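Next come the chains, spelled out residue by residue.
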Amino acid sequence: MLRASIDIAGLELDLRAIVDDQCSTGPDGADEILAFTRALVQRSASLASARDALRTTLGDPAAAAVAGAVGNFEMMNRILDATGVPTPHTLHDLEQQLRS
Amino acid sequence: MTNSFIIDPALPVRPAMLDGMQREWDRLAAAGTWWTGADRVALAAEARAAADHRPSPASVLAPEITAMARRIATTPHVIDRTSVDALHDQKVSLEAYTEMVGVIARLTAVDTAVRGMGSSPAPLPKPQEGVPTYAVVPDAKRRSAHVAMVGSAGATSALSSVAAEDSAQQDLHGALYLSYSEMGDYRIVKDIPRWQMELAAATTSWLNHCVY
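Those sequence lines, one after another, are chains A and B. Okay, so the first sequence: first residue is 26 according to this note's numbering, each after it adds one. Okay, so the second sequence: first residue is 3 according to this note's numbering, each after it adds one.
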């Protein structure tokens, strides 16, 4: 869904930035979304400054919208893993990488 | 509508998001399908304590249930079918386990969203009186997943063996992110464009070791 929505938006985005915090993604606001999401999920002390940076870059409503999306996927990740929904075959390589 | 969530007024939050979180708080306090309101709030308290790296609070729940609640909250990716079966052997049905998953997953969602908005998690609601419905979903079958589901296993059927939990997931999903009917719209903007939502989603899943 990320790839499809990026393509439709006509953007170039380096997805390595999701797994490598030394890598910059490209479009305006993407790095701030990544930093805020990491701080929120990892309960980092940098959360307040990451939120401020997100609000400055994308506007005040963006912080709540990103917080909601992160919250939703904290929910979905737990539901999928704890109920044992099988991983699609197309994602098995990624699964091995994540589980190692 | 009473609102349990105090958010910085300088941070605009969609009213539908706040309303959705409040509906979840009301659901949490009420008797569910297999657990009472007191049980559900105790599960939430245990999950929150685990996420905060605190010891178990005083609880009405059995030790094997509190242990599983903590795993759902903090390390769901290591839960396997054997551990679900072990809980089943302790007289916790697959459907009751499914409800545990739903309650804890939604608590985590709301607490995360609220922290992201710069506020402290709301106090847990006071449990309401009432008895569980014990409503069975006859079409749910256990196949390749750890629990029974209606039809193919997937994101929107994971809790389908407990209809109220399935509905609650759908409700909060729509409030915090996108409704199921909005999922096919890659051009949608809800305060931010779809690609920005998906970037946050993919990063969260990566950090949680969730492949899906």
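The hints are simulated quantities; they were obtained by calculation from the structure and are not laboratory data. Careful, some of the hints might be misleading.
Computed Cβ-Cβ distance ranges for the label pairs, DEER-style [what the hints assert, rightly or not]:
hint	chain 1	residue 1	chain 2	residue 2	range
1	B	Pro11	A	Arg41	34 to 44 Å
2	A	Thr112	B	Ser169	40 to 50 Å
3	B	Asp82	A	Ala70	16 to 26 Å
4	A	Gly84	B	Asp91	27 to 37 Å
5	B	Arg144	A	Glu37	41 to 51 Å
6	A	Asp85	B	Val133	22 to 32 Å
7	B	Val152	A	Pro113	16 to 26 Å
8	B	Ser169	A	Ser74	32 to 42 Å
9	B	Arg83	A	Leu36	35 to 45 Å
10	A	Asp85	B	Tyr136	17 to 27 Å
11	A	Ala70	B	Val80	23 to 33 Å
Taking lysine to any residue pairs in the SDA-like style, the calculated list, with each CA pair at most 20 Å apart, reads [what the hints assert, rightly or not]:
hint	chain 1	residue 1	chain 2	residue 2
12	B	Lys143	B	Val62
13	B	Lys143	A	Ala34
14	B	Lys192	A	Gly84
15	B	Lys143	A	Thr82
16	B	Lys192	A	Arg80
17	B	Lys192	A	Pro86
18	B	Lys192	A	Gly35
19	B	Lys128	B	Lys192
20	B	Lys143	B	Ser159
21	B	Lys143	A	Pro111
22	B	Lys192	A	His114
23	B	Lys192	A	Met26
24	B	Lys192	A	Gly109
25	B	Lys192	A	Ile33
26	B	Lys93	B	Trp37
27	B	Lys93	B	Ala69
28	B	Lys192	A	Pro111
29	B	Lys192	A	Ala34
30	B	Lys192	A	Asp53
31	B	Lys192	A	Arg28
32	B	Lys93	B	Thr135
Given the structure is predicted, the values throughout are model-derived calculations rather than measurements. Even for Gly, the Cβ is constructed at its ideal location relative to N, Cα and C.
To see whether the hints hold, each was checked on the structure:
Distance hint check: the CB atoms of B:Pro11 and A:Arg41 are about 38 Å apart, consistent with the given range 34 to 44 Å. Checking the proposed 40 to 50 Å range against A:Thr112 and B:Ser169 shows it is violated: the Cβ atoms sit about 26 Å from each other. At roughly 34 Å, the beta-carbon separation of B:Asp82 and A:Ala70 lies outside the given 16 to 26 Å, and the hint is violated. Separated by about 52 Å at the C-beta atoms, A:Gly84 and B:Asp91 break the suggested range of 27 to 37 Å.
Taking 41 to 51 Å as the suggested C-beta distance range, the pair B:Arg144 and A:Glu37 conforms, at roughly 44 Å. At roughly 44 Å, the beta-carbon separation of A:Asp85 and B:Val133 lies outside the given 22 to 32 Å, and the hint is violated. Checking the proposed 16 to 26 Å range against B:Val152 and A:Pro113 shows it holds: the Cβ atoms sit about 19 Å from each other. At about 38 Å, the beta-carbon gap between B:Ser169 and A:Ser74 stays in the expected band of 32 to 42 Å.
For B:Arg83 paired with A:Leu36, a C-beta distance near 40 Å keeps the hint of 35 to 45 Å intact. Separated by about 46 Å at the C-beta atoms, A:Asp85 and B:Tyr136 break the suggested range of 17 to 27 Å. A:Ala70 and B:Val80 have their C-beta atoms about 27 Å apart, which keeps the hinted 23 to 33 Å range intact. At roughly 30 Å between alpha-carbon atoms, B:Lys143 and B:Val62 are farther apart than 20 Å, so this suggested pair is violated.
At most 20 Å may separate the alpha-carbon atoms for a hinted pair to count; B:Lys143 and A:Ala34 exceed this at roughly 40 Å. For the hint linking B:Lys192 to A:Gly84, the alpha-carbon distance of about 13 Å falls within 20 Å, and the restraint holds. With a CA separation close to 48 Å, the supplied pair B:Lys143 and A:Thr82 exceeds the 20 Å bound. This hinted pair checks out: B:Lys192 and A:Arg80 have alpha carbons roughly 16 Å apart, not beyond 20 Å.
Restraint check for B:Lys192 and A:Pro86: satisfied, since their Cα atoms lie roughly 9 Å apart, inside the 20 Å limit. Among the hinted pairs, B:Lys192 with A:Gly35 is consistent with the structure: their alpha-carbon atoms are about 18 Å apart, no more than 20 Å. Distance check on the hinted pair: B:Lys128 and B:Lys192 sit about 32 Å apart at the alpha-carbon level, beyond 20 Å; violated. Using a Cα cut-off of 20 Å, the hinted pair B:Lys143 and B:Ser159 holds, with the two alpha carbons roughly 11 Å apart.
Annotation: proposed proximity of B:Lys143 to A:Pro111 holds, straight-line Cα distance about 15 Å (limit 20 Å). Only pairs whose Cα atoms come within 20 Å are accepted, and B:Lys192 paired with A:His114 is rejected, the gap being roughly 32 Å. A hinted pair counts as satisfied when its Cα atoms are at most 20 Å apart, and B:Lys192 with A:Met26 qualifies at roughly 16 Å. A hinted pair counts as satisfied when its Cα atoms are at most 20 Å apart, and B:Lys192 with A:Gly109 does not qualify at roughly 30 Å.
Taken as a hint, the B:Lys192 and A:Ile33 pair is honoured in the structure, with Cα atoms around 16 Å apart against an allowance of 20 Å. Taking the CA atoms of B:Lys93 and B:Trp37, the gap is near 13 Å; set against the 20 Å cutoff, the hint holds. Note on B:Lys93 and B:Ala69: the hinted pairing holds, with a Cα-Cα distance of about 15 Å set against a maximum of 20 Å. As the CA atoms of B:Lys192 and A:Pro111 are separated by approximately 30 Å, the hinted pair breaks the 20 Å bound.
For the suggested pair B:Lys192 and A:Ala34, the alpha carbons sit about 15 Å apart, so the restraint of at most 20 Å is met. A threshold of 20 Å between alpha carbons decides the hint, and for B:Lys192 with A:Asp53 the separation of about 17 Å falls inside it, so the pair holds. Of the pairs offered as hints, the one joining B:Lys192 and A:Arg28 holds, with about 18 Å between alpha carbons and a cut-off of 20 Å not exceeded. Between B:Lys93 and B:Thr135, the direct Cα distance comes to roughly 18 Å. Compliance with the 20 Å bound is thereby established for this hinted pair.
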